[in-house]
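*Asks:* Letter by letter, the chains look like this.
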Amino acid sequence: MEMQNLSRRRFLLAGGASISLGALLAACGGGQSSGVARIGLAPDPSELPDAPVTDITLLRTATSLENNAIFVYEAAAGAGYLSGDAAKLAARFLADHRDHAAATASLTEAAGGRAFTEPNPRLQSIYVEPALALIAEAADPAADVLALAYALETLAGATYQMYTPMLTDKDLRRAAMGIGEQEARHAATLGSVLNPARLVSSHGSSVAAEYREDGDPSPFYAAPSAFGTQAPVPVTLGPVDAAGGRTTVNLETPYLNSMAYEYLDEE
Amino acid sequence: MTSTPPRRPTAADSTLLGFAQQAEIAARDLYRVAAAAGTGGEQNSSVATLAAHHDAASQAISALIGRDAPQTRLDSIFDAYEDRFTASTDDLALAAHELENTMVATHLSLLEALEGTDGVALVSSVVIAEARHVSAMAALAGLSPVADIEAYLDIPSSITALSPEN
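Protein sequence lines, in the order shown, are assigned to chains A and B.
Per the working numbering, the very first residue in the first sequence carries number 1; after that it's consecutive.
Per the working numbering, the very first residue in the second sequence carries number 1; after that it's consecutive.
Next up, chain B with everything else stripped away, as it sits in the complex (with noise of 0.2 Å):
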């Protein structure tokens, strides 16, 4: 018999979302300075928007585990992908295409271990909007949605989840 799971997260969610919420920092500081050095061409303001979205996801993570949110970001992330970032728009287009990738592997992985079903809703809202932006970052590679079809719709075999343990 399925008992009922809670709805607040619990101590074991508060670390993994305060993981989560780690990694949504580094990716929201990655876009800041794309957006900042210009990269992104014509979509340097879709760019800065990003920035936006993974704030938001941060900050929603932080209203959720209260003072157990770490406030930091996840500096492993943010320093393998900050060159590509600031290099050229292609560059930008297919690391971050990655980075997203990754976000929404790490946020399913973390859907199978959470307790609480606030957290739940809150990764799925985030697992939805994430996903979009990695089809949004094949566009802006270049990619055709036809002939290039699974860059926008699959995560790549190469794509490992982000763990607190790696």
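The following block holds chain A by itself, in its conformation from the complex (with noise of 0.2 Å):
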């Protein structure tokens, strides 16, 4: 017992002089640094900004999905994707995208704020790009450009439902849903032409046995439940892996860590 306390008093003296060892050469340091850490070498805390979720945030969010949306379209059509009925209707759906873009930035604007005019970068890296980069390697890219659709617009439907009782400005909720259901019928229609056998979902209605479907649920019914979803949409997409499967990809509505914030446009 003795021989414990004596070793922790002297443990306790080592690293008290370490510490002032420590505190001496930092107190030495001078003002260059050599880019090494080290002990009294920290970075200046930077404050992150105030990021109230203003009305202003949630439209200018909505702007900046519209154009992740209007990037994907454009870019199925850049590379050829799409051909006959299908490129008919995603050429309408960009004509839609673009319309609602516009009219959520014209909303950003009567609001008092700045509309934001670019794809939300967060959902562009972490969904839309390598969503893109795996229908590129895909042995049918336009089944995936069409899936890729379906769950984006399933997705702006579901963020404009999100958004909506956010909105303070009770005169904004009608013009946001009169979008977001837009929305939700383009996922519909894609739906329909995806999976015209069964056009709406039992999974998880309470339906008498007659009307049940057999088996796992698609991923596509122009009407796939009761409610709108806020659930992440998922996505599968590419190449047939070495071990037989594919890539999913989950899309979720863009919240706090990926709005468009104004002080966005500072940086």
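Worth flagging that the hints you see were computed from the coordinates, not collected in a lab.
Among the hints, a few may not be true.
Restraint ranges, calculated between C-beta atoms of paired labels, are given here [said to hold, decoys possible]: (1) B:Ser109 - A:Ala136: 42 to 48 Å; (2) B:Pro164 - A:Ser83: 48 to 54 Å; (3) B:Ala37 - A:Asp85: 31 to 37 Å; (4) B:Glu42 - A:Ala102: 37 to 43 Å; (5) B:Thr4 - A:Ala102: 26 to 32 Å; (6) A:Ala133 - B:Ser163: 45 to 51 Å; (7) B:Arg7 - A:Gly112: 22 to 28 Å.
To list a few chain B residues with every Cβ distance to chain A over 10 Å, as calculated [to be verified]: (8) Asp75; (9) Ile77; (10) Ser163.
The model shown is predicted, which means the values in this text are computed figures rather than measured ones.
Built from N, CA and C at the ideal position, the CB exists for glycine as well.
Put the two chains together into one complex, using the hints given.
*Replies:* What follows is the structure, given as structure tokens:
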């Protein structure tokens, strides 16, 4: 017991000496930085910018998401992935997203803000660019573009659904959901094309056994559920890997870590 | 300066949401009679599931406003559509297409009037689902998603939102 106490006292003394030596070295450090981490050298902490979620933030984020969709449809058209009726449908959806982006930008300015004119940078880097890279290597790029479009349109509808109750100006709600419901119709139209055999999913609904579907749910339905979803939207894309699987990307609505805050304009 | 809206429905909200519930029950009953009559052809199960969707919306409104929920259907809507919902698959699809557009327009108009954000969140969620119903019914009617794309995507100008006053 005595030995243990002694040892501990010596350890504390040695530790104190180490701390003192460190402080001395730090004091002698001067103003030059070698870039190598060492005691006493720490970067100045930077304050996180104040980022309230205002109506303007929500509208700017909606515009940024519209620009993500525009980017995808333009990329698909540029690569020539789609043809025939699928290309015509995509061209209509592209035109709608351009209208939606103009509308949300106009609402942003009417609310006293500055419109966001770029794709959402975070969604672009974590969803859009990886998805397009997978499609470029896919065995059937046209099918993958339609799958991505279905997921993106579902996500867009879900985003307006999520943002509408957050808007403090009641007059903006109808405008927001007027766009959101059209995004939902885009997804439903694609769902009816991709899965014409079953337009309305019975999965998750309370229906008699005779009306239920057998097996796993399809990834595509015109009407997948009784309510709009707030869950991540999965989409499977790209080539088959060595293990026989394909990559699934889970799209999530832009929230606090991916909104188009006004301070982004200053960066 | 904009004040923070309440979460829970106000008394006026409950009246509006109660009206929406009556419209949902009417839609549910219409799809139920259509499913029972076998209309919808190969999509008869989809028709039955649409009844479940509207039932779910009705129950969600009931959960939100409690005893203020009327739990009765809007007979004027049911009576206006019943014959078309049971006549043939084409008649059903076109009638349901019109009804779902009307439901969407009705719920969009509610969003401007509601005060409580819980009600706004619920109605927004229902709008998304019922907008998708419209496109599903356009497909069931055999309309082309290219040549007839407006039937899938747009609310026709002839559609009028339901309201407790009319």
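*Asks:* Next step is simple, just say for each hint if it's right about the structure.
*Replies:* Going through the hints against the structure:
1. B:Ser109 - A:Ala136: 42 to 48 Å: holds (45 Å)
2. B:Pro164 - A:Ser83: 48 to 54 Å: Holds, since Pro164 (chain B) and Ser83 (chain A) (Cβ atoms, about 50 Å apart) stay within the stated range.
3. B:Ala37 - A:Asp85: 31 to 37 Å: holds (33 Å)
4. B:Glu42 - A:Ala102: 37 to 43 Å: With Cβ atoms ~41 Å apart, the hint holds.
5. B:Thr4 - A:Ala102: 26 to 32 Å: The hinted range 26 to 32 Å holds for Thr4 (chain B) and Ala102 (chain A), with Cβ atoms some 30 Å apart.
6. A:Ala133 - B:Ser163: 45 to 51 Å: With a Cβ separation near 50 Å, Ala133 (chain A) and Ser163 (chain B) satisfy 45 to 51 Å, so the hint holds.
7. B:Arg7 - A:Gly112: 22 to 28 Å: Holds - the Cβ-Cβ distance for Arg7 (chain B) and Gly112 (chain A), about 26 Å, lies within 22 to 28 Å.
8. Asp75: holds (23 Å)
9. Ile77: holds (19 Å)
10. Ser163: holds (14 Å)
Violated hints are absent here; each numbered hint is respected by the structure.
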